[in-house]
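Peer 1: Between the sequences and the hints, there should be enough to build the whole structure, so can you do that?
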Amino acid sequence: MRVLLRNPRRELEVPGPVAVHALLERLAINRESVLVIRSDTLVTGDAVLQDDDVVEIRQVISGGAA
Amino acid sequence: MKCRRCKGPAVIELRRHNAGFCGDCFVHHCREQVRRAIDEHRMMAAGERVLVAVSGGKDSLALWDILIELGYSVDGLYLGLGIGEYSASSGDHTRAFAARRGAHLIEIDLPTDLGFDIPNGSRAAKRVPCSACGLSKRHLFNQAAVDGGYDVVATGHNLDDEAAVLFGNVLRWNIEYLGRQLPVLAAGLGFVRKVKPLVRLGEREMAAYCILRGIDYIVEECPMAEGNRHLAYKEALNDIEERSPGAKAAFYFEFLEKASHLFQATADATRAELRPCSSCGSATPGDTCAFCKLRARAGAASS
Ligand code: SF4
Ligand SMILES: [Zn+2]
Ligand SMILES: [Zn+2]
Chain A
0 MRVLLRNPRR
10 ELEVPGPVAV
20 HALLERLAIN
30 RESVLVIRSD
40 TLVTGDAVLQ
50 DDDVVEIRQV
60 ISGGAA
Chain B
8 MKCRRCKGPA
18 VIELRRHNAG
28 FCGDCFVHHC
38 REQVRRAIDE
48 HRMMAAGERV
58 LVAVSGGKDS
68 LALWDILIEL
78 GYSVDGLYLG
88 LGIGEYSASS
98 GDHTRAFAAR
108 RGAHLIEIDL
118 PTDLGFDIPN
128 GSRAAKRVPC
138 SACGLSKRHL
148 FNQAAVDGGY
158 DVVATGHNLD
168 DEAAVLFGNV
178 LRWNIEYLGR
188 QLPVLAAGLG
198 FVRKVKPLVR
208 LGEREMAAYC
218 ILRGIDYIVE
228 ECPMAEGNRH
238 LAYKEALNDI
248 EERSPGAKAA
258 FYFEFLEKAS
268 HLFQATADAT
278 RAELRPCSSC
288 GSATPGDTCA
298 FCKLRARAGA
308 ASS
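Going down the list, the sequences are from chains A and B. My numbering numbers the first residue of the first sequence as 0 and each following residue consecutively. My numbering numbers the first residue of the second sequence as 8 and each following residue consecutively.
Everything labelled a hint here was simulated from the structure, so no lab data went into it. Treat the hints with caution; some may be incorrect.
One side only, chain B facing chain A, incomplete, derived with CB under 8 Å [as the list claims (entries may be wrong)]:
#, residue
1, 214
2, 218
3, 222
4, 235
5, 238
6, 246
Partner residues aside, some chain A positions facing chain B, computed with beta carbon under 8 Å [stated by the list, open to error]:
#, residue
7, 6
8, 9
9, 11
10, 13
11, 17
12, 31
13, 34
14, 40
15, 43
A virtual CB, placed ideally from N, CA and C, is assigned to each residue, including glycine.
Peer 2: In structure tokens:
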């Protein structure tokens, strides 16, 4: 599947099927700091992503100190 | 995973609440959390005029949307910071939201209206950009609220922001700031009341709210944020949160309940020493307020 990450923008190819939890763990991403979006819909950690899915892992942490 | 409220399929899991929610029930959850924060901390009353500070980011646009849905009379204020592409794009996101909701947006542009931008202004004043930016926002939001006859300024600070600021203030035992870190700051000395209605919601919740409501917020980060301490504190707290869900909320709310009053006297004493700025009349500990100094230095550098 195609996995899109932002800030900085980059793309990865990851083989499916894989559960969202497992994908985040494999990429060493803290699940409190992201949302996972599959074709414009949010998915929970137990969702299984398929090989032909397009997935965005969106960072939700913003850094402004004011 | 099932929705806690309607038992339909969930789209988001909130480990802190040990619950999953479907889209509709999650939107309901967010509104209820804001309603509760407003009631519990007596942030604002029905009929008051609210000015929400909007940046085009997820928090402030979600806040604006929720306050409209809760029936408040609320206008938006957008401050153009002159930070290149980022400012251009964040302004577009804000205007698009206001137009879609038919909401009134006030705009102030630092370069056009005040003669400086954050990157150059902060350099001229020898301040880090976020500090120059923060003090400009505080000053100009308050001024706009006073000028427009608003009762209260609402900002999009969420639980993660407040927990990270608290963490930083505790690391340095910054007593004065600890005494001021409240979800409501009362009016006085020319300051309009300031409120943070999102304190019961995390950053992840705000991004999810925008996605589920179809709010197109600016996902790109402000380039000035890179490497700032605030971000590092948020990451540290999320590492703890991952192992112990609810830790951030406990850290912040237990502080408000059990410790914040211990620092009040110091904060009040500092506030009692404030007097009007000789140039603009805003309350300040010195002769000239920090904003007027910044503006003077930035102006001198660009002329
Ligand atoms: S990151 Fe800093 S400079 Fe950028 S908008 Fe936030 S406070 Fe201002
Ligand atoms: Zn539901
Ligand atoms: Zn001044």
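Peer 1: Each of the hints needs a verdict: does it hold here or not?
Peer 2: Structure-based check of all given hints:
1. Nearest Cβ of chain A to the Cβ of residue 214 of chain B: about 4 Å, under the 8 Å cut. The hint holds.
2. For residue 218 of chain B, the interface hint holds, since its Cβ comes within 8 Å of a Cβ in chain A; the closest pair sits about 6 Å apart.
3. Checking residue 222 of chain B against chain A by beta carbon gives a least distance of about 13 Å; that is not within 8 Å, so the hint is violated.
4. This hint holds: residue 235 of chain B has a C-beta 5 Å from the nearest C-beta of chain A, less than the 8 Å allowed.
5. A hinted interface residue such as residue 238 of chain B counts as satisfied when its beta carbon comes closer than 8 Å to some beta carbon of chain A; here the least separation is about 4 Å, so the hint holds.
6. The interface hint given for residue 246 of chain B holds, since its Cβ lies 7 Å from the closest Cβ of chain A, which is under the 8 Å cut-off.
7. Because the closest C-beta pair between residue 6 of chain A and chain B is about 5 Å apart, less than 8 Å, the hint holds.
8. A cut of 8 Å between beta carbons decides the hint on residue 9 of chain A: the least distance to chain B is about 14 Å, and the hint is violated.
9. Violation of the interface hint for residue 11 of chain A is found here, the shortest Cβ-Cβ separation to chain B being roughly 18 Å, above the 8 Å cut-off.
10. The beta carbon of residue 13 of chain A is not positioned within 8 Å of any beta carbon in chain B (closest approach about 21 Å), and the interface hint is therefore violated.
11. Interface restraint check for residue 17 of chain A: the shortest CB-CB distance to chain B comes to about 17 Å, outside 8 Å, so the restraint is violated.
12. With a cut of 8 Å, the hint placing residue 31 of chain A at the interface with chain B holds, because the nearest CB-to-CB distance is about 4 Å.
13. Taken as an interface hint, residue 34 of chain A checks out: its beta carbon lies about 6 Å from the nearest beta carbon of chain B, inside 8 Å.
14. Nearest Cβ of chain B to the Cβ of residue 40 of chain A: about 7 Å, under the 8 Å cut. The hint holds.
15. Look at residue 43 of chain A: its Cβ gets to within about 5 Å of chain B, closer than 8 Å, so that hint holds up.
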